[in-house]
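Listed here are the chains, written in short residue letters.
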Amino acid sequence: MDTNGLLVNDYLDRVRVRLTGLPLAERNEFIRELDSHIRDAYRQTPGDDGPARMLQVLRNLGEPAELAAGRTPVAARETKLRLPIRVLGMLFGTIFGLPLTAALTGATAYLVAALTGILAGLFAASAGLLTAGSTLVILGLTRIYRPDLWELAATLSNIRLKTDVSEALAHLTEADQGLILLCLGLVLAALSVGVFKVAQQYFRVYRFALAKIWTAVRWVASRIGAFVRGVAHDLGLFGPRGVVYQP
Amino acid sequence: MAYTEENKDRRVVQIRKGLLELAAMAALYRTRHYGYSLIKALSTGEGPPLKEGTIYPILARLDRDGLVASEWVESEHGPPRKYYTLTGDGQALFEELRGEFNHLALLIRDAAAETAGPQLVGLPIRKAQ
Numbered sequence: 000m001d002t003n004g005l006l007v008n009d010y011l012d013r014v015r016v017r018l019t020g021l022p023l024a025e026r027n028e029f030i031r032e033l034d035s036h037i038r039d040a041y042r043q044t045p046g047d048d049g050p051a052r053m054l055q056v057l058r059n060l061g062e063p064a065e066l067a068a069g070r071t072p073v074a075a076r077e078t079k080l081r082l083p084i085r086v087l088g089m090l091f092g093t094i095f096g097l098p099l100t101a102a103l104t105g106a107t108a109y110l111v112a113a114l115t116g117i118l119a120g121l122f123a124a125s126a127g128l129l130t131a132g133s134t135l136v137i138l139g140l141t142r143i144y145r146p147d148l149w150e151l152a153a154t155l156s157n158i159r160l161k162t163d164v165s166e167a168l169a170h171l172t173e174a175d176q177g178l179i180l181l182c183l184g185l186v187l188a189a190l191s192v193g194v195f196k197v198a199q200q201y202f203r204v205y206r207f208a209l210a211k212i213w214t215a216v217r218w219v220a221s222r223i224g225a226f227v228r229g230v231a232h233d234l235g236l237f238g239p240r241g242v243v244y245q246p
Numbered sequence: 000m001a002y003t004e005e006n007k008d009r010r011v012v013q014i015r016k017g018l019l020e021l022a023a024m025a026a027l028y029r030t031r032h033y034g035y036s037l038i039k040a041l042s043t044g045e046g047p048p049l050k051e052g053t054i055y056p057i058l059a060r061l062d063r064d065g066l067v068a069s070e071w072v073e074s075e076h077g078p079p080r081k082y083y084t085l086t087g088d089g090q091a092l093f094e095e096l097r098g099e100f101n102h103l104a105l106l107i108r109d110a111a112a113e114t115a116g117p118q119l120v121g122l123p124i125r126k127a128q
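Residue numbers (numbering that gives the first Met the number 0), protein chains in the order written: chain Z, 0 to 246; chain R, 0 to 128.
The hints are simulated quantities; they were obtained by calculation from the structure and are not laboratory data. Where a beta carbon is used, it is the ideal one built from N, C-alpha and C, also for glycine. Hints are supplied without guarantee of correctness; some may be wrong.
[Stated by the list, open to error] To be clear about the criterion: a stretch of chain R counts as covered by chain Z if any three or more of its residues have a C-beta under 8 Å from a C-beta of chain Z, and this derived list gives those stretches:
id: 1; region: 21-35
id: 2; region: 55-61
id: 3; region: 77-90
[As the list claims (entries may be wrong)] Residues from chain R shown here face chain Z by an in silico Cβ test under 10 Å; the list is partial:
id: 4; residue: 38
id: 5; residue: 39
id: 6; residue: 48
id: 7; residue: 50
id: 8; residue: 51
id: 9; residue: 52
id: 10; residue: 71
id: 11; residue: 74
[What the hints assert, rightly or not] Simulated restraints, written as ranges between beta carbons of each label pair:
id: 12; chain 1: Z; residue 1: 97; chain 2: R; residue 2: 4; range: 56 to 62 Å
id: 13; chain 1: R; residue 1: 79; chain 2: Z; residue 2: 202; range: 51 to 57 Å
id: 14; chain 1: R; residue 1: 103; chain 2: Z; residue 2: 228; range: 40 to 46 Å
id: 15; chain 1: R; residue 1: 18; chain 2: Z; residue 2: 52; range: 28 to 34 Å
id: 16; chain 1: R; residue 1: 60; chain 2: Z; residue 2: 4; range: 28 to 34 Å
id: 17; chain 1: R; residue 1: 110; chain 2: Z; residue 2: 5; range: 50 to 56 Å
id: 18; chain 1: R; residue 1: 29; chain 2: Z; residue 2: 64; range: 32 to 38 Å
id: 19; chain 1: R; residue 1: 29; chain 2: Z; residue 2: 58; range: 30 to 36 Å
Throw the hints in and build the complete structure from the sequences for me.
Quick look at the structure:
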């Protein structure tokens, strides 16, 4: 869709969402009428084709909020019906809303915990691989340059290899064994760097996901807050009724 | 608060808004109009322009009270348009309101005449307070 189409759609959407007091058929009819107006006005407004001309047309038409407020009958904006409906809503909200909220809160907490767990796991894996890798490198170097220390350590800590492994290793010189250990250690260290990179990338996804979750949580909380405040107003808990509904 | 140009503009807009319903009925008395053509017909070209959208609440109110009838008409050169015409009830009401308006207009004109110079002959004059 071109820019003008987007501008018009956005404008009409902003009118539409504010026409809540109007029956659907009337709402659609009014939006259709405004659309017709905008197209006529655009054709008859001088200027180059483009967003500037369309914005001029929309400015002349007026603020979406004003249009909607003028078109919505006051009676529909605030009727006596609102109170029983809100009280009913509050009852249903208490019966179904609280368990639902609890379930949602639990699910969100689990989701956050799971995402955090993955993050921690990735960093831990990276750290573990690095530790193992550097240990193997040290062991390999020891095997090459100080075989005596190696034998001493093996004796002291009573290390025994399986017979077949020890036989296979026996064919190699001490330096070759050390070299193998060194290579293994370097491979693990490289793996650790790789996992760390993945963890870094994941951290960005994690932050993004958390921001989204936070926004959603705040939105839900604000809706609930607005609803509760509305009920409180209807019940006359905070001063004169109706103040919050003024357009 | 001191008087400002902005203050004047606000009053002008206020007066126009108040009279817009009557003006719309007048425009629709003989001619059918759609929203955009109606607002163009009502634009005086002087002073601060009315937002075009202000015509729609008025049309909706007239429609709700059965004072105008509306129908969608396809057009060759533009989008389909919703045309409004004054109904019989609307015409009757307009005649009554016009009498009311003329009375007020006379009062205003005569007040001006009294301060500005010679009085108009044969018209009721209201004393300035």
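Comparing the hints with the structure gives:
1. Residues of the region 21-35 of chain R lying with their CB closer than 8 Å to a CB of chain Z number 3, which satisfies the three-residue condition for coverage.
2. Beta-carbon proximity to chain Z at under 8 Å applies to 3 residues in the region 55-61 of chain R; the threshold of 3 is reached and the given coverage holds.
3. Only when three residues or more bring their CB closer than 8 Å to a CB of chain Z does the claim for the region 77-90 of chain R stand; here the count is 5, and the claim holds.
4. With a cut of 10 Å, the hint placing residue 38/R at the interface with chain Z holds, because the nearest CB-to-CB distance is about 9 Å.
5. Of the supplied interface hints, the one on residue 39/R holds, with its beta-carbon coming within about 8 Å of a beta-carbon of chain Z, less than 10 Å.
6. The interface hint given for residue 48/R holds, since its Cβ lies 7 Å from the closest Cβ of chain Z, which is under the 10 Å cut-off.
7. The interface hint given for residue 50/R holds, since its Cβ lies 4 Å from the closest Cβ of chain Z, which is under the 10 Å cut-off.
8. Because the smallest distance between the Cβ of residue 51/R and any Cβ of chain Z comes to about 5 Å, under 10 Å, the interface hint for this residue holds.
9. Because the beta carbon of residue 52/R sits about 3 Å from the nearest beta carbon in chain Z, less than 10 Å, this interface hint is met.
10. Interface restraint check: residue 71/R against chain Z, minimum CB-CB distance 8 Å, threshold 10 Å, status holds.
11. Below 10 Å, beta-carbon pairs count as interface contacts, and residue 74/R has one with chain Z at about 9 Å; its hint therefore holds.
12. The hinted range of 56 to 62 Å is satisfied by residue 97/Z and residue 4/R, whose Cβ atoms lie roughly 57 Å apart.
13. For residue 79/R and residue 202/Z, the Cβ-Cβ distance of about 55 Å falls inside the hinted range of 51 to 57 Å, so the restraint holds.
14. Remark: the range hint 40 to 46 Å for residue 103/R to residue 228/Z is upheld by a beta-carbon distance near 45 Å.
15. Separation of residue 18/R from residue 52/Z is about 31 Å and conforms to the stated range, judged on CB atoms against 28 to 34 Å.
16. Distance hint check: the CB atoms of residue 60/R and residue 4/Z are about 31 Å apart, consistent with the given range 28 to 34 Å.
17. The beta-carbon spacing between residue 110/R and residue 5/Z, approximately 52 Å, falls within the hinted interval of 50 to 56 Å.
18. Roughly 35 Å separates the CB atoms of residue 29/R and residue 64/Z, a value that falls within the hinted 32 to 38 Å.
19. Separated by about 32 Å at the C-beta atoms, residue 29/R and residue 58/Z satisfy the suggested range of 30 to 36 Å.
Comparing the model with each numbered hint stated earlier shows that all of them hold.
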